[in-house]
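Participant: Chains as they are written, first to last, in our numbering: chain Y, 36 to 236; chain P, 33 to 254.
It should be emphasised that the hints constitute simulated quantities derived from the structure, not laboratory data.
Be aware that a few hints might be false.
Just a sample of chain P residues kept apart from chain Y, beta carbon distances all over 10 Å, derived [claimed, not checked]:
#	residue
1	Gln50
2	Leu62
3	Leu150
A few chain Y residues facing chain P, derived, Cβ under 8 Å [claimed, not checked]:
#	residue
4	Leu67
5	Gln70
6	Leu87
7	Asp92
8	Arg110
9	Ala111
10	Lys123
11	Thr127
12	Leu129
13	Val229
14	Gln231
15	Gly233
Stretch by stretch, here's where chain P covers chain Y in the computed footprint (C-beta under 8 Å, at least three residues) [said to hold, decoys possible]:
#	segment
16	114 to 122
17	133 to 143
Cβ atoms here follow ideal geometry from the backbone N, Cα and C, with glycine treated the same way.
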Amino acid sequence: MTGLSLDNIALERGERRIASGISARVAGGEALLLQGPNGSGKSTLLRVLAGLMPAADGTIAWDGADVARDREAHRARIAYLGHQDALKAGLTALENLRFWASFNGGDADAALMAFGLAKLADRPARTLSAGQKRRLALSRLVLSDAPLWLLDEPVTALDTEARAAFVTLLKRHLAAGRLAIIATHEPLAIEARVLQLGRAP
Amino acid sequence: MSAFVALLKRDLVLSYRQGIDAWVVVLFFLAAGILFPFAIGPEPNALMRVSTGVVLSMAALAALLSLDRLYQGDFEDGSLDLMALGPLPLELAALAKALAHWLSTGLPLLVVAPLLALMLNAPADSYGPMLLALALATPALSLLGGLGAALTLGSRRGGILLTLLILPLYVPVLIFAAGSISRSLLADGDPTGALLLLSGVDLGLLAITPWATAAALRQALR
Chain Y
36 MTGLSLDNIA
46 LERGERRIAS
56 GISARVAGGE
66 ALLLQGPNGS
76 GKSTLLRVLA
86 GLMPAADGTI
96 AWDGADVARD
106 REAHRARIAY
116 LGHQDALKAG
126 LTALENLRFW
136 ASFNGGDADA
146 ALMAFGLAKL
156 ADRPARTLSA
166 GQKRRLALSR
176 LVLSDAPLWL
186 LDEPVTALDT
196 EARAAFVTLL
206 KRHLAAGRLA
216 IIATHEPLAI
226 EARVLQLGRA
236 P
Chain P
33 MSAFVALLKR
43 DLVLSYRQGI
53 DAWVVVLFFL
63 AAGILFPFAI
73 GPEPNALMRV
83 STGVVLSMAA
93 LAALLSLDRL
103 YQGDFEDGSL
113 DLMALGPLPL
123 ELAALAKALA
133 HWLSTGLPLL
143 VVAPLLALML
153 NAPADSYGPM
163 LLALALATPA
173 LSLLGGLGAA
183 LTLGSRRGGI
193 LLTLLILPLY
203 VPVLIFAAGS
213 ISRSLLADGD
223 PTGALLLLSG
233 VDLGLLAITP
243 WATAAALRQA
253 LR
């Protein structure tokens, strides 16, 4: 099958098992929302899916092939947005995007437009508000055409306008037959399947 | 390659803008070196004997100063996650970071080293060999330091741990560097052997530390 499949994944943080038996399939054009209380393993699952940490058990497959066999190919398919914005306080908004553009590829000036940050281009990131930083971090998604988005609480601190811009971007991503897996507590105006992660002990 | 250059450039721009790091390193180097005349006494011959040794050991200590922030910032703000997922192998990213550290720390130390040597009454003919030894020793300090910074990433009191971990590893570098200087000052001395050993240490570290550093970084991200 095309897309990403999770088969019986177990998660550990430190030595403690925080979730097990997670199975799901996400096909091209689909979004999967991860929901669950704090500590239920949403962020950990995203890190495992990105290959930043190993799963305690189970397999993750892309188009039917175990991703552990070719880590490099798997990394190339991912656009990851973590809790942190990965911005350097000492660089301006545009310089931050330009760095990631030359690191990963893409057009920084175009990305800056996606979330209406053109006016803030020359402001050092340290002077931006939390919402503006999040918008800048989300702009990175425009840089790449990675088929798999892994987003951790993408709309935190965003105002309604920026949320709408994000949803538009997400819909365009999905319409192109790509995938998104999003950990979120907040409702998003898209059609998506929900994966409920268990109660935290 | 463009990702390597981008990372190198970003680190250099950041350290230039923050400015403080490079200045602290240089000022610490000079201030700590100036303590010696007070402790040993102003007797010129006594100072002359220890001068190049003091310069070398103060350079080693000064290079340690800015190390604990080398990966900490990228680790805390999530940049390291993205670097680990990027197309540039983490080994090369580690090399770019070590190179940026050397350019923003090792190079300024080389520039001010003659000043400290002058204040310590170093023999006139020792400046050349001392700078050559420093030029070969400081890259090793940055490569080893990068590994130490990666190993102690995320641990509480990482700075102290880093110092205890890395200082013993600096010893061979110091021995060869000091050896090359003292041999150059002897009438029939030949520093080639010591300089070759020092270069060998550099090349060996260049071959090993990027892999070890990348492995330590991956472990820290888990």
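Participant: Compare the structure with each hint and give your call.
Facilitator: Hint check results:
no.	hint	verdict
1	Gln50	6 Å, violated
2	Leu62	26 Å, holds
3	Leu150	34 Å, holds
4	Leu67	19 Å, violated
5	Gln70	22 Å, violated
6	Leu87	5 Å, holds
7	Asp92	16 Å, violated
8	Arg110	5 Å, holds
9	Ala111	7 Å, holds
10	Lys123	6 Å, holds
11	Thr127	10 Å, violated
12	Leu129	13 Å, violated
13	Val229	25 Å, violated
14	Gln231	25 Å, violated
15	Gly233	22 Å, violated
16	114 to 122	holds (count 7)
17	133 to 143	holds (count 6)
This entry does not satisfy hints 1, 4, 5, 7, 11, 12, 13, 14, 15, going by the numbered hints stated previously.
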